[in-house]
Amino acid sequence: MSDSVVVSPSPLSPRGMRWRTRLTPYVFLLPALLLFAALSVVPIVTVIYYSTMDNVVITRDAPSFIGLGNYVELLTSSVFLQATMNTVILASVSVVGHFILGLGFAMLLDSPFVGPMAKAVFRVIYILPWVFTASIIAILWRLLLSPNGVVNYALSATGIASGGPIEWLGSTELALPSVVFINIWAGYPFYMVSFLAGLQGIPASLYEAAKIDGANALQLTWHITLPQLRPIIISLAILDFIWTTHQFTLVWMTTAGGPIRASEVLSTFTYKAAFSSNEFALASAAAVVILVMSVIIGVFYVRSQQQASA
Amino acid sequence: MTASGPRTLTRVLVLAGVVLGALFAALPVVWMLAASFKSNTEIFAYPPRLIDESFSLQAYWAVLTDPGQRRFFFNSYLVSGVVTLLTLLVGILGGYSFSRFRFRLKGALSLFIVGVQAVPPITLMIPYFGLIVWLRLYNTYWALVLTYMVFTLPYAIIFMTGYFNTLPRDLDEAVVIDGGSRAVVLWRILVPISLPGIVSVGVYTFMLAWNEFLFALTLTRTSDMRTVPVGIELLMGQHSFEWNEMMAMSILGSLPVLVLFLAFQRYFISGMSAGSVKG
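Chain order of the listed sequences is A and B.
Just so you know, we're using the working numbering here: the first sequence kicks off at 1 and counts up by one.
Just so you know, we're using the working numbering here: the second sequence kicks off at 1 and counts up by one.
This is chain B alone, in the form it adopts within the complex (with noise of 0.2 Å):
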């Protein structure tokens, strides 16, 4: 046998494989593309088609329009960027801390915030709802917000106190002989150069916020509290399976994710595999 022989088979072999791999990983979102163009009664057509005469964006135009369903949307972008600049704000200083500080009790309180971060969800959802509602705070914004930055802060704090660990100390030290104070070093000088680290802990932050259900689920009540992924639930329920709008929600839901992925991809990758959580 030639040398080309096998290696012509195992090139078919591969690309056939990524072809497959393709299909999988698409066919399922390419069909909910699809669906979100039909009519609600074309969706389960016999035999099914990709796309058919129903075609419009009649199911974005209800979700758009419909005020509650927008409530959601809005919920979510803000619940989702106050945790991202509350977790930068107070993972960066955390982050300082350990950099750039020898104290006695750093080994005990770095173990512990790995440690926060492996506590189940599921674990923290039933006193979470007596101490949120102890602390007046159910049904609110604050509720969602100070639950997620426990999820999202011991992340940011162990990738800041390694991102500023690579930063070399003599730059912090110029500052100091130059008269500079703590503050200055840390905001002029440290986060500036930080920003490729601080962009990536805060498209996980954002991602982690933006997806999550149970406590968005168990800490509101109201649909004028909810979330997208929530509400996504609710429209289950109401609209008695009106698919093509679940499926315009879902798009319009995971654009924000998408366009942060493909704007900051490589970030987004090296955040990660640095140790990230998916909700």
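Next up, chain A with everything else stripped away, as it sits in the complex (with noise of 0.2 Å):
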């Protein structure tokens, strides 16, 4: 088609048929992108300016320009700062619990020792966890580690803790630790398959070589398998990291944030701001942090994939 032929017979001038080849691709595309104008670009938009505001969303007064004025607000809150530093804490702790126990039960589960037929039923075993969505989970474990829960009577009735009834959930020392363990049973199978697949794509003859050379079952984990391992490895701690910090439920259906805030996170600061003080707008700029956050961690992960590709 070229652009000099203007006129045509055809109810279509070349012209025309041009645009529609052009935008048909935009047209298959059509209703994901106004999908996410109106649910996730329309959204973000709003949430900056309402950060930038007071009195939004459900107020008496009415709504006023302060600029940075929630930010100063937060970041001069001893509360927020401990939501933040709590969600480093539950987020860093449990990428590394996760890896750890995906690491080590794909290593189990690929072992010569275990046949194909163990190897099958306990990879299910080992999934299980997954199976459970986070609320399931937080109410499971509210049963296993109330005072008089399962867990405090086999500490007890081993000998372990003699102290009395454990508060696990319900002291300030202990919340945020208990919390990190759930989080960390719920989410470690996600590793373990990512693991289980990648393990099968190292090449035997590297371990054998290495054999050969003498290297014990340490070194050959070391220097071959993390290493083999490192994009996958790269990849699950990154995204993990980023969803843990957008942790809501386990955290809010266990604790809620308590006992006095000791387990309290940005996303649970961020909704009883919201919907139990009804201070939107300070709750707008404490989504718009977790968001920066996303976002630059987000710019890593995609380096780390160009890397991976290129």
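A few of these clues could be false.
In the SDA-like style, the derived pairs of lysine to any residue whose C-alpha atoms are separated by at most 25 Å in a straight line are [as the list claims (entries may be wrong)]:
1. A:Lys119 - B:Thr8
2. B:Lys106 - A:Gly298
3. A:Lys211 - B:Leu13
4. A:Lys272 - B:Val133
5. A:Lys211 - B:Thr8
Derived by calculation from the structure, the hints in this document are not laboratory data.
Starting from the two chains in their separate frames, assemble the complex, guided by the hints.
Listed below in structure tokens is the structure:
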């Protein structure tokens, strides 16, 4: 089709055809783009706008522009800083825990001592925690960790803990570690499955060559398995860190951030600011902080992916 | 030391690790199952027992005969089903566009879609509340369906683009030469061949919708619009800790995902490791 041909007997001129051809890919994408525009671009612009205002969404007084006022309030609030700290602790300890359990279980299943049948059965067992949604996992662990629950019974019956029932989720010292533990239990299968796939991809010849050189199991893991899995480890760790900083349900339904904010994370802080205190502008600023954190980590992720594919 | 010495030791250690790992993963779940068969008073009996005289299906009966709780399940199945169908439809169209066309904004739009995937749900929550009320969708199924699609579609489009990219373009051209339209190419040729990929996206989408909690909590108000995850939370408040019923509902609420997992294990795992999100 050339630009010089203008007149054509067909109902659609070549120029018209060209426009149609050009627009076709956008037509196919239109439903998705409309949805993303309405329900992700518009809300993000709105939340950034809210974060610079006072009195928004549900208010008695008229909204007013206060610039960075909400951000100043957040950064000088010890509760917010505590929530940020807790979020970082939850996310980083979870990533390490998921990694250790995920790799450990994957290597156990992949070991030559486990037959194909046993491997299939134990793989399903190891994946079990992943089948349950966060709110169900939260309720289950509230039952297990309750002061009169079976975990405390087992600890006292075996003589590990003798000082009476432990308030796992109800004490300020143990609430956050308990939530971290539950999150680790809930999330390692994702790593395990990814590592299992990754282990299949490591050529056996690498191990054999190293064994001939007299390497032991630990050296094999350190010098072959881990470097070979490196791309998977990096992308899992970054994605998991981002998802864990978004975690709301598990914290909300186990401790609701308590007691006295001991296990408050950014998402529960934001939820409470909005729906308990009706401070929607402050909550918006907190929501923007979480967004910025995710974007920064997301950029690292995209870079690492580009490096991996380059 | 003989060669078999350390080998036997390693074998014992590995098998011990396998069993300990299985206990770590499965004991909490076994306890959930056991508690769902007990009477509420026996759950905290001292010393605790896995199965006791009060063993019965009473808790399941109570959940299944309560119209309010049946409604949670109905809502969850309806919302997750509609989200899955619409996500597949829109995702297949989007994936087809990215896979089969070259256009000016392709790079920018695909980066945008990857970006949407990284937006924290809690960031969208506050403006959504206002937006959904303004659209008159507050406390409706559509509020949940449209919201969930924001989180399921990016993955569906990215995955379907990748899947279509593995199918040779000669297929398309052969159909066009025979006088077929793009619609014929897509729905009669590409979609049937891509069924494994579509199943994988569908399972992932259904699960994400089935498990969602934050928006189900904030965008609906009346108990007849609540889904299972929020329903379980309500049960916790209303019935003053009927643990056996909560555990029975948790088991019933996990069945669809468990069944999907066992039936489509292979698709599931490939979809999961292709970069999926756990809600």
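Q | Non-conforming hints, listed in increasing numerical order | A | Going through the list in order, the structure violates no hint and respects every one.
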